[in-house]
Amino acid sequence: MSNSLGTANWRLRRQASGSRLAAQLPPRAPLWPTFSIVFLLCLTSLIPAIALTVLNAMLAGLAIAVVLATNRRADPRLLVVIALVSVVAFLGFVTGRDADRYESFKDAWYISNPVLIMLAGYTLYALKCDISRGLRAFVVAGALVACWQLRGYIIEPSLVQLPAGQIRQVIGTGSYVPVVALVILLVYVGKWRSALLLPNWLAASFLVLTAVAVAGVFSRSALVVVGVGLAALVGCFSRREWWRMGLPALLLVLAGFVAQLYVDTDSERALQSFGGKLARSLQELTSGDDVGARDIGRNFRAYETGRALDQFAQGSVASMLFGQGFGAKVDLGITMPLLITETGFRGVRQIGVFHNGYIYLLTKVGLIGLLLYVAVFVYLYRIGRPFASLPHADPQSAAGRLFQFTIVSLAATTYFISGVFNKGDMFPVLLLTGYLLAHWRRSADA
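At position 10 of the sequence shown the residue is numbered 1068 (my numbering), and the sequence of numbers has no breaks.
Wrong hints could be hidden among the right ones.
As the list claims (entries may be wrong) - The calculated label-pair distances, taken between Cβ atoms and stated as ranges, are:
1) 1210 x 1131: 47 to 57 angstroms
2) 1425 x 1263: 40 to 50 angstroms
3) 1212 x 1251: 26 to 36 angstroms
4) 1105 x 1190: 27 to 37 angstroms
Just so you know, these hints were derived from the structure itself, not from any lab. All figures in this text were calculated on a predicted structure; none of them were measured in a lab. Heads up, the beta-carbon is just placed ideally off N, CA and C, and yes, glycines get one too.
The whole structure should be built from the sequences, with the hints applied where relevant.
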């Protein structure tokens, strides 16, 4: 009997000491936000655009619900971004009040979608304030998507013998998830184990894998984003960045002009090769609607931009300042097979979405709305600039350079692939932007 009482007392004392120890330990952060990053980045690389729209809406609802449930003080920097974009959306609704309701709300979604994805990234960090595991999740997702992209070469090794144009028809245009993972690994070179919690051999393997995947899709825009990442790596987007970036940018433009002079960009070989695509880049981006009928398909970016600018110039002063409103469209002057249907492509004469996101803003919300949206880029850039200017040995320096990479990449890609309005391609960059913005909030409160 006495032995039974002694055993019971010992168990009670052990439970009490265990309870006191548990009370002293900090609560463990949930793991699902980190796994969610991997899941979301992999999922968005596979699902179609309409499903991605629904997913983004659900993520935005989740982010808002979490913010309200946790009763946290709102981040003033995030509120500034939301306020600027809200003014742009209000402007588009007011000036386009007589337009088709579906087209108006579709434009409103395009305008606000970037902020909603950033809000989702912000929430994922707020739920688990561990930047090392979060960035590791971005890298792991990039490696998984890279394997998926390279499956075509594994199934059919003879693809390597084909021109770049034919390869892209088989394997597709690729995802930007491996691009983001590659840049993260480059920015944190020498800090893989300490900052990303990855063994050096595994991080090096991921680096090679993502680099091969990015090169294997022959994407000019992905090449630009990697170039921005390399510029961020060496600290180009810190103080005195205009001096550091001005000369390289000028040299790139001159190289483009030289390539146009010495490369026959209209030859069949140039049209199929990646080098020919690079040489033709300036020609495709130069605005003008005087493109010959045979060349409109090849230089459609330039053609649609020229038509939009002509329509903008013919408008009133009010439409130039405040735009033609949500739902407005630009007449192409010809019918182009742009709309994909179940039976193939359908001809379209008027378009409301453009490759050049700045032309999109100019058409919908005018100069005022364009300047407000550009102000978002400038504001976010200035947030990361002090951190990017820190010495490389400082723990916050790498995260600062990575944040500058996201902002400059978004601003650059908005010029030629819609950038922030491209809800599929730029999803990983926008998610990382919101994630790092929450990290700066945590660092400021610490």
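Results of checking the hints against the structure:
A C-beta distance of roughly 49 angstroms is found between residue 1210 and residue 1131, which places it inside the suggested range of 47 to 57 angstroms. In this structure the hint that residue 1425 and residue 1263 lie 40 to 50 angstroms apart at CB holds, the actual value being about 49 angstroms. Checked against the hint of 26 to 36 angstroms, the pair residue 1212 and residue 1251 passes, with Cβ atoms roughly 30 angstroms apart. In this structure the hint that residue 1105 and residue 1190 lie 27 to 37 angstroms apart at CB holds, the actual value being about 28 angstroms.
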